[in-house]
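Here the sequence shown is numbered in our numbering, starting from 136 and rising by one per residue.
It cannot be assumed that every hint is accurate.
[Stated by the list, open to error] Below 20 Å or equal to it, Euclidean Cα-Cα: the simulated EDC-like pairs (lysine to aspartate or glutamate) are: (1) 264 with 236; (2) 229 with 187; (3) 264 with 187.
Think of the hints as simulated: they come from the structure by calculation, not from any bench.
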Amino acid sequence: FTNLLINLILYFMQNTNALSKMNDNPQLIPATVITTNTTVVGAVHDLSDCADAVVSFALTASAFTGAGSVKLLIAYSDDGSTFTTTANDDLYLKNPATGAEIDSTDKATAAALSAVGVSKLGFIRNEFKYVRASIVSTGITGSVTASVIIQYEKRNQR
């Protein structure tokens with residue numbers, strides 16, 4: 136059901152910017168039930184075929200009971216094993232209604248979810264080859280079912 140929900144959301148949100156494009160292997164964290172304050176670490180993703188300057192991570196909460204919130208933590212790596220948390224200045228957050236960039240001292244927290252929904256956080260890509268996303272939950276009193284996908288335009292291959 137979660138994959139169907141994600142695909143429907145992406146279908147209706149398609150446009151020409153990197154925050155809605157899809158690559159071949161998008162799922163970094165499959166639907167996961169979270170019942171405590173924890174960090175769920177996602178799969179490592181190789182950006183070798185990424186043509187976009189901004190890579191988007193979509194956090195989906197398909198079920199949410201009780202209080203608390205979930206947010207994305209994005210990290211990058213040169214070797215795929217040693218990761219560094221992305222600085223706030225290298226994150227991109229836009230207003231879904233206006234498309235304008237949101238300037239915040241903590242963009243990950245500004246993009247956090249405390250109910251069923253989808254939140255997108257962009258990563259301004261430098262020369263790093265690998266990325267991964269984590270879901271950080273805080274104040275959870277019930278349960279949250281959350282997942283993360285990555286979106287970007289692939290380079291043309293010959």
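Here is how each hint holds up against the structure:
1. 264 with 236: violated (25 Å)
2. 229 with 187: holds (16 Å)
3. 264 with 187: The hint holds at about 13 Å.
The structure shown violates just one earlier hint, number 1.
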